[in-house]
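*Asks:* Spelled out from the first residue to the last, the chains are:
Number of protein chains: 2
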Amino acid sequence: MKDITLKEIATKLGISITTVSKALKGYPDVSEKTRNSVLELAKSLHFTPNSFAVNLRTKESRTIGLVIPEVVHHFFSNVINGIIDEAEKNNYLVIIVQSGESLALEIKQIELLLNKRVDGIIISLSNESNDDEHLRQILAREIPLVMFDKISKLIKCSKVIINDQKAAFEATQHLIDNGCKKIVHIRGPVNPQNAIDRFLGYKKALEKNNIPYNSNLVYTCKNVTFDEGKEFAEKIIQDHPDVDGIFAVTDLVAVGVLDYFNKVNIKVPNQVKLIGFSNWFMSQVITPKLSTVDQPSYEMGVQSFHLLMEEMNARKESKPFTIKTIELATSIIERESSFVNQ
Amino acid sequence: MKDITLKEIATKLGISITTVSKALKGYPDVSEKTRNSVLELAKSLHFTPNSFAVNLRTKESRTIGLVIPEVVHHFFSNVINGIIDEAEKNNYLVIIVQSGESLALEIKQIELLLNKRVDGIIISLSNESNDDEHLRQILAREIPLVMFDKISKLIKCSKVIINDQKAAFEATQHLIDNGCKKIVHIRGPVNPQNAIDRFLGYKKALEKNNIPYNSNLVYTCKNVTFDEGKEFAEKIIQDHPDVDGIFAVTDLVAVGVLDYFNKVNIKVPNQVKLIGFSNWFMSQVITPKLSTVDQPSYEMGVQSFHLLMEEMNARKESKPFTIKTIELATSIIERESSFVNQ
Numbered sequence: 514m515k516d517i518t519l520k521e522i523a524t525k526l527g528i529s530i531t532t533v534s535k536a537l538k539g540y541p542d543v544s545e546k547t548r549n550s551v552l553e554l555a556k557s558l559h560f561t562p563n564s565f566a567v568n569l570r571t572k573e574s575r576t577i578g579l580v581i582p583e584v585v586h587h588f589f590s591n592v593i594n595g596i597i598d599e600a601e602k603n604n605y606l607v608i609i610v611q612s613g614e615s616l617a618l619e620i621k622q623i624e625l626l627l628n629k630r631v632d633g634i635i636i637s638l639s640n641e642s643n644d645d646e647h648l649r650q651i652l653a654r655e656i657p658l659v660m661f662d663k664i665s666k667l668i669k670c671s672k673v674i675i676n677d678q679k680a681a682f683e684a685t686q687h688l689i690d691n692g693c694k695k696i697v698h699i700r701g702p703v704n705p706q707n708a709i710d711r712f713l714g715y716k717k718a719l720e721k722n723n724i725p726y727n728s729n730l731v732y733t734c735k736n737v738t739f740d741e742g743k744e745f746a747e748k749i750i751q752d753h754p755d756v757d758g759i760f761a762v763t764d765l766v767a768v769g770v771l772d773y774f775n776k777v778n779i780k781v782p783n784q785v786k787l788i789g790f791s792n793w794f795m796s797q798v799i800t801p802k803l804s805t806v807d808q809p810s811y812e813m814g815v816q817s818f819h820l821l822m823e824e825m826n827a828r829k830e831s832k833p834f835t836i837k838t839i840e841l842a843t844s845i846i847e848r849e850s851s852f853v854n855q
Numbered sequence: 514m515k516d517i518t519l520k521e522i523a524t525k526l527g528i529s530i531t532t533v534s535k536a537l538k539g540y541p542d543v544s545e546k547t548r549n550s551v552l553e554l555a556k557s558l559h560f561t562p563n564s565f566a567v568n569l570r571t572k573e574s575r576t577i578g579l580v581i582p583e584v585v586h587h588f589f590s591n592v593i594n595g596i597i598d599e600a601e602k603n604n605y606l607v608i609i610v611q612s613g614e615s616l617a618l619e620i621k622q623i624e625l626l627l628n629k630r631v632d633g634i635i636i637s638l639s640n641e642s643n644d645d646e647h648l649r650q651i652l653a654r655e656i657p658l659v660m661f662d663k664i665s666k667l668i669k670c671s672k673v674i675i676n677d678q679k680a681a682f683e684a685t686q687h688l689i690d691n692g693c694k695k696i697v698h699i700r701g702p703v704n705p706q707n708a709i710d711r712f713l714g715y716k717k718a719l720e721k722n723n724i725p726y727n728s729n730l731v732y733t734c735k736n737v738t739f740d741e742g743k744e745f746a747e748k749i750i751q752d753h754p755d756v757d758g759i760f761a762v763t764d765l766v767a768v769g770v771l772d773y774f775n776k777v778n779i780k781v782p783n784q785v786k787l788i789g790f791s792n793w794f795m796s797q798v799i800t801p802k803l804s805t806v807d808q809p810s811y812e813m814g815v816q817s818f819h820l821l822m823e824e825m826n827a828r829k830e831s832k833p834f835t836i837k838t839i840e841l842a843t844s845i846i847e848r849e850s851s852f853v854n855q
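Those sequence lines, one after another, are chains V and B. For the first sequence, the positions run 514 to 855 when our numbering is used. For the second sequence, the positions run 514 to 855 when our numbering is used.
No lab work stands behind these hints: they were computed from the structure. Do not take every clue at face value.
[Claimed, not checked] In silico BS3-like cross-links for lysine-lysine, where the CA-CA straight-line distance does not exceed 25 Å:
hint, chain 1, residue 1, chain 2, residue 2
1, V, Lys716, V, Lys735
2, V, Lys621, V, Lys679
3, B, Lys666, B, Lys695
4, B, Lys669, V, Lys556
5, B, Lys572, V, Lys621
6, V, Lys717, V, Lys694
7, B, Lys802, V, Lys629
8, B, Lys621, V, Lys572
9, B, Lys572, V, Lys602
[Stated by the list, open to error] Derived list of chain V stretches under chain B, where covered just means 3 residues or more per stretch with a C-beta under 8 Å from a C-beta of chain B:
hint, stretch
10, 579 to 593
11, 605 to 618
12, 762 to 775
13, 788 to 800
Keep in mind the model is a prediction, meaning the values are calculated, not measured. For each residue, glycine too, the CB sits at the ideal point set by N, CA and C.
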């Protein structure tokens, strides 16, 4: 890259570097004529102030890091959208790294971001993350940190979450209200807090309705994929031919279940009622349309950025900052997969 | 952020800054004992080499910029995935900015990336982009540039594309081979080269099969959305009740068409055959499953990053670099929406 310096502009115009700098910043003690020639020449030379130099002075990079499990994912891509939109409005850039649900990669990516001197980090943990050392490193370096969706309860930082337990309770209750008595839960992996909470919500709803909890009715995803949904659907019907309701940890898995049921002609909702989680776009276009839990993903991104910015600003001004947890509301979206029109 | 310097480590250990620096870099002329104490202290202080200083010296930021219309988009999120994966393997970070299909925002975002001193830029143009000045700015500053998917023919840089005209020809031919005679094309907006090329491919296939081209059978998207697909479907059936085939510029629009047809009980494929473009995930889970053109989106990201890296490396070593255009193969995926099993 060609680096045009203030000095080159100054030399070409036969004026001092200070005058060039003042002209570019619009200081009033530079004549209009001089300012115009400086601006013109700067433009024709494609001059931009050296942002690394600026960084050294202000210690700000105006860049934040975002660590997510994967980009190709309805929920996460919507969160990214919210974060990038807000960052743009506030003149920040966003470096996005993927952990691919791997703890080792998550640790490496965070180190890269820290070396890059980002002003703050937003993260949703990988499914493997059960070790918090790399997160404590962020705090030890006094870098503002915000977690969303897949969080660690042990790390003291701002968080944007939904009440997964309550939302899962409502989803299960919705199946019970529509007559289900033998309800399978396809849960997320063992580590993530949100998978644990959704499982607990399912269990609580059964309890409250005096339906005995049966651990054989709980299937645990490894990768939370469409294919896992299909495989579990086949297994569920073999294990429990009389199942009448399924609550899946996310829509992608529920759509896999539906795909298998459609193939082998098991009627949804007549024989089995089905509800997902997260309201992926495709859930409204499949047949039958999938009932689900609406999770405000874009808003989650917006709020995560705001919390991060509050903390970044507080630190910049050496003001105290109290970490916060924002809980966003969810709601049940009733579609065709979970109730029979009488 | 707390900044730990080499000097602090040197002072604490009573050795020279040079020795600290050498110890951290693993130089053999530092005793193992000294190296160990330096590494230990550096670790306990959460020391990282100052990456901005490194940048000033090497003039490399090891960061690239990616400008795309939107993140929440099956095709683009897959390309992002390919780019981030490859960047990760090669020790680069990726700043992602969205143009939101707006030329003004695209211009602004590119300026931000240039000010950030990214080592290179990968871009897919917004639908509004018909002015190339901001792209010429990138070249004028000698920043490596790669375009993919939505490109400008006027800008001389490396490109990763598919043959949109050929792919659209094949999609239309597929409908004709399955008996369609009155084929509607729902095309993309006026500006993007790929929308133009897909339209031309449609037209060529009609010509080759002696089906007269009728401009009334072409509908032009503004925003290329699911809702536009639904609206066009309603209009198409009103305007041309005898339509027997539809080729949509992308799966999202085709799924909108299908959604409307399912609602009003117009049978796909029996009454109207339908083919999309891009092979979105949902196309394989809707009813009927959507035929489409497979576009290697992940591979497009990988190749874009490789081309960019080749150019960045060439410049770093002041070697000549010849821009290239890589054309990736597409294929027709036949599913239920476009042919009737005899």
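*Asks:* State for each hint whether it applies.
*Replies:* To see whether the hints hold, each was checked on the structure:
Pair hint Lys716/V plus Lys735/V holds up; C-alpha atoms about 20 Å apart against a cutoff of 25 Å. Restraint check for Lys621/V and Lys679/V: the C-alpha separation of about 34 Å exceeds 25 Å, so the hint is violated. Straight-line distance between C-alpha atoms of Lys666/B and Lys695/B comes to about 32 Å, which puts the hinted pair past the 25 Å bound. A distance of roughly 22 Å separates the Cα atoms of Lys669/B and Lys556/V; the hinted pair therefore holds under the 25 Å criterion.
Our distance criterion of 25 Å between C-alpha atoms is met by Lys572/B and Lys621/V, whose separation comes to about 23 Å. The straight-line distance between the Cα atoms of Lys717/V and Lys694/V is roughly 14 Å, inside the 25 Å bound, and the hint therefore holds. This hinted pair does not check out: Lys802/B and Lys629/V have alpha carbons roughly 45 Å apart, beyond 25 Å. A distance of roughly 23 Å separates the Cα atoms of Lys621/B and Lys572/V; the hinted pair therefore holds under the 25 Å criterion.
Using a Cα cut-off of 25 Å, the hinted pair Lys572/B and Lys602/V is violated, with the two alpha carbons roughly 28 Å apart. Under the rule that three or more residues need a Cβ within less than 8 Å of chain B, the assignment of the stretch 579 to 593 of chain V holds, with 8 such residues. Residues of the stretch 605 to 618 of chain V lying with their CB closer than 8 Å to a CB of chain B number 7, which satisfies the three-residue condition for coverage. Interface restraint, the stretch 762 to 775 of chain V with chain B: holds (4 residues with C-beta to C-beta distance below 8 Å; minimum three).
Counting residues of the stretch 788 to 800 of chain V whose beta carbon lies closer than 8 Å to any beta carbon of chain B gives 5, which reaches the threshold of three, so the coverage claim holds.
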